[in-house]
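Colleague: Chain residues, written in single-letter form:
Protein chains: 4
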Amino acid sequence: MPRVKVIGATGYGGLGMVELLLGHPELQLTAIAAIQDVGKQLSQVWPYLVGYCDLPILSPDSPEFQDSPAEVVVAATPDGVGQVLAPRELAAGRRFLDYSGDFRFNSAELYSEYATRLGRDPRHKSADLLKESVYGLSETRRSEIATARLVGNPGCFAVSVILALAPAVREGILDLDTLVCDSKSGISGAGKKPTPAHHYPERYESMGAYRLAGHQHVMEIEEELSRLATRPVKITFTPQVVPLTRGMLSSVYGRLAPGVNQAKTLALYQEAYATSAFVRVVDSNQAVSTADVRESNRCILTVAVDERTGFFRVISHIDNLLKGQAGTALQNLNLMFGFPEKMGLDFPGSHP
Amino acid sequence: MPRVKVIGATGYGGLGMVELLLGHPELQLTAIAAIQDVGKQLSQVWPYLVGYCDLPILSPDSPEFQDSPAEVVVAATPDGVGQVLAPRELAAGRRFLDYSGDFRFNSAELYSEYATRLGRDPRHKSADLLKESVYGLSETRRSEIATARLVGNPGCFAVSVILALAPAVREGILDLDTLVCDSKSGISGAGKKPTPAHHYPERYESMGAYRLAGHQHVMEIEEELSRLATRPVKITFTPQVVPLTRGMLSSVYGRLAPGVNQAKTLALYQEAYATSAFVRVVDSNQAVSTADVRESNRCILTVAVDERTGFFRVISHIDNLLKGQAGTALQNLNLMFGFPEKMGLDFPGSHP
Amino acid sequence: MPRVKVIGATGYGGLGMVELLLGHPELQLTAIAAIQDVGKQLSQVWPYLVGYCDLPILSPDSPEFQDSPAEVVVAATPDGVGQVLAPRELAAGRRFLDYSGDFRFNSAELYSEYATRLGRDPRHKSADLLKESVYGLSETRRSEIATARLVGNPGCFAVSVILALAPAVREGILDLDTLVCDSKSGISGAGKKPTPAHHYPERYESMGAYRLAGHQHVMEIEEELSRLATRPVKITFTPQVVPLTRGMLSSVYGRLAPGVNQAKTLALYQEAYATSAFVRVVDSNQAVSTADVRESNRCILTVAVDERTGFFRVISHIDNLLKGQAGTALQNLNLMFGFPEKMGLDFPGSHP
Amino acid sequence: MPRVKVIGATGYGGLGMVELLLGHPELQLTAIAAIQDVGKQLSQVWPYLVGYCDLPILSPDSPEFQDSPAEVVVAATPDGVGQVLAPRELAAGRRFLDYSGDFRFNSAELYSEYATRLGRDPRHKSADLLKESVYGLSETRRSEIATARLVGNPGCFAVSVILALAPAVREGILDLDTLVCDSKSGISGAGKKPTPAHHYPERYESMGAYRLAGHQHVMEIEEELSRLATRPVKITFTPQVVPLTRGMLSSVYGRLAPGVNQAKTLALYQEAYATSAFVRVVDSNQAVSTADVRESNRCILTVAVDERTGFFRVISHIDNLLKGQAGTALQNLNLMFGFPEKMGLDFPGSHP
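Protein chains in written order, with our numbering: chain A, 1 to 352; chain B, 1 to 352; chain C, 1 to 352; chain D, 1 to 352.
If you're looking for bench data, these hints aren't it; they were derived computationally from the structure.
Owing to the predicted nature of the structure, the values given are computational and were not obtained by experimental measurement.
Accuracy of the hints is not assured; some may be wrong.
A pair holds if it fits inside one copy or across any two, identical chains being indistinguishable in the list.
Below, a list of computed lysine to any residue pairs in the SDA-like style, where the Cα atoms sit at most 20 Å apart [stated by the list, open to error]: (1) Lys342 to Pro25; (2) Lys234 to Glu113; (3) Lys264 to Ala213; (4) Lys342 to Leu22; (5) Lys131 to Thr275; (6) Lys193 to Ser350; (7) Lys40 to Pro196; (8) Lys234 to Glu307; (9) Lys234 to Ala257; (10) Lys131 to Arg88.
Work out the full structure, taking the sequences as your base and the hints as a guide.
Modeller: What follows is the structure, encoded as structure tokens:
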């Protein structure tokens, strides 16, 4: 049974992976690391895990963690961490999946542009690894992920937007110079660290846009869409945060090519995702909300062309912590180890 | 002191008007009507008003209400009600402001199209009055409202979108065939009537789009923008509901004319609203959220052109119950009776 | 593999049972019934279940449902329904578990008093069955439940309060004339039916007590505590509703017998629940909230004697839909069919 | 017109006072201070105040602030600050109202015990002032406050509990050895500083008790009740936090003296508060929630004796930021300057 080590296990992204691994029949969580709370059990930091995950939190730099045997390492860590840790783990023969932007790009130039947007050091610390890293969106990279040694898990906004646009961009039914992506995220996407903006009294009755000058996820979206379109694609992207904890809704727009209507678009999307276990395509007369994907790895795409204006519109619904992060990561692990894609992810969520 | 009668006083829109009138120094609330709870005091239905508004709820059809003297009648009622009540009140020499779509259009044909979208009887019951009715958005119709006998208060989505687009459309800096309006509303916009969709457990972690085939507010937006553009304008409009009570955020997009950038757009907007007491225009580097307009009559417009893609983008923030409804209505009453536009509306909101 | 039929499958309590049965390795959900939406699939009413539970919703009165073979029937129905349906199911050799108050009492007199409080017909329609019905709280009735043909699942408030008081009452460390139970429930406890009180805008910033004249759960609490105390026990009980969806917190108080302190009380509780898989007892210096039990079948009891005043205090935390309802029901089914008590319930919940 | 200076103006308690002063016809806000954001305008920190309070934030230690003339200083500051600042302000002839525990006690011994509970330095820095400080709960100290030079504004829990118990304790209708106070607070009571416990994703579905070993507000409650009872009184007090922003609900219990019933208790409370402008007493058959006091200075007391058990029960509802803090503070200022008690506080709140 492949063994998994998780770095950054105490954050929301790491917890998501821990929870999923607890329910996975063929992958075994064997060691966890984090920078804070080293020495405590994970269940002391998060008491709901008492009896379920009482592993000690190790330092990611400790020999105890680094020498712990495993077949794969998941770095549920912020930008800049994975690129330092990956070489040693890979050298030890382990595969490596990283949650951050560290391995989402295949060149030092692209990474440098990405890091600059974030105000980070533009030099990648393991630039030689970038050539082989694979962008971890199963629906567009299934076969590459299966054989990858190094996977860059996508950003949550990127998952929701790319799934919504990929078939249309690939098939050329859109004017690629008119793409607008209006995305709304639940608050958990910002992580567990308390901030003024996400203090309950500031947030409960507040929604707003942020990083209007350019969110860092734009780059990977444009990279992946350009690859699918086989020409450069740019998007106008508006990230917004709304007062709920789990959920992401992206509305994507663009002018339709002449002669393309709702029926053709719907058929194209249904066919494109016919073999994708986690993507469900529905017509615009069905009521959908993020509650329908909460605590599941599903993405529901509502195809809703406005024939009056000739505009393409798809509404994409995911749980930002599952399909937007840990669920997609486990989907990647399943592919990497030859397990069925739905293994450990085959649950509907709960309600209400 | 002009006297005001309010019909539909027990709903959220009516309560909003009652609250504002309680604080207005020159308008006096003299009678209220509603269909439910007739005979009770308003403060029995809404106990927070005990000692503040203990007026009895009358039937709108009762002589007691209809013969009650007033200078203006506010119909905070659903579609179809105002068009029945208006003739008698106007005949009695009273002015009439209606919250619904009944008097937002100037022809029976437009109303008929609107009503058909809503699945309602397309025949207007007071079609002869439509010619004189004035669309009640102070920022675009100030002088007409001042002398109007009959005002159709705008829909909340329409307020937020028209304010965001008016200067750009009027000045011709946009490709009018690429307008996208992505709007998110708090839940109070749907009124006080309990529904499965707005039952707390169904709504607290849920956001979604609705009426994708065509929300009824599209028509009045297109009408007003077409008037400003002096040519027909169509928009792709996506109404969405998010889990907060008060607040509305609309992101509007369109391809910019060549040579127009952020600086020019910002300057255009600042100038356009320089004399509008309730509209504040800010640059995209300022953090804004709907919390900044909650419980106030303000609209904050963030101008955020994406120069990389050449797309115009403005984010519009209002409180859907104030600037989106009762606040705009009181602004209209102020204009109609020659009071300063901010009278009774000059408060910042409270926090948190 | 025992087969289970669920009546009332479309409500929150029924959905909870459906979700649990989907994950149970030894029980099979074979038929579902409800009064509304007959003929649809469950997944049409609740789309998150598409592909997980596409069973058709049958009428509970239809031969199709009634003749459907099963080893046990779960009635997730309001008061008054189970007592009509039970005789036929029992006659067909099936066991019967009821969520309502129909089978929580062992005499027609007690039921009559209970029904009167609710304003319902005081005559039980299957009074002859009451003698054999078993109160379904595993922690106090384990062996009786194992052999029961007919189980009355407890109310959520009752679960939270009885678990908090049982050891103290049984051991006689309290002045039984001073028991105060202050309980706060999440909103899902009121079910899926929209009401003015639970309309999102009315509820998001509102907490309050209700049924101060006497909540119907008081009776079963007093019955069970009296049985444990072997003398009549009365409690002062205050049900309150707070704005969250899942979670119940009960604070129970009473004057301690002389000489009993925090240490002794804590030891008593730890011993009392040492073999109860789902009850965790903690000291008052540990921070606990309902988030620690959300989406799990756990009950966490914080023992927090106030030695300054000589008052006993225990804070009880459960998820009102799991340990407070469907989880306890599945625990009962496990006991009834000889499965390990934790089967299908051995999960930690998810966070955040 | 008396001038007011506010220290700690950028926190929730300070903002509340600023908002109230903006609407007060006879008090003028002339200077504000805070430790953070010195040099900015208040409206830069809190943009909803643009145009309403653009005063610069001064350092509380600066001569500019300290020499600014005023008739009264409000210290909306944490424990330990007011006791350092008060002497200089008093010496300059200004009256001083403090939000913290610094001036709630009349002896260094009591303060020392209070500070020790909080883990603070037990030595009061202006111990000689304690003799003259007045506990600022208008309903029990009206005449003393009117002439006070130094007022210690009460804690929010204390306001809600003392108002609920005062008449019963004063009249001797309770067994004072059985008092239980179960209090639930909205989150704003913890202030604007982000903490893990009040990070939105941690708090939205979470309620829990805290400081079970002894909340600091217990002391002032017991002091005031002992004064009213003319004998020592102890309470068992359980502070809890629930996921809403504004609102506080306290349920208080105690065994009734023989012969006292609901009718007598209700009459006692109605008479006791007949002249209190902000306290409304209602019978237990009226539905009340904290929404009925939100954004108002009201306290609603529901008298709900349990005649079955012989227990007294009153449910107290306040807005923790108004009657629980800034509203009570302004009520005190009104008394201190001879204005009507309701001046600037005579508003109903808004809904929803």
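Colleague: Failing hints, ascending?
Modeller: Per hint list: single violation, 5.
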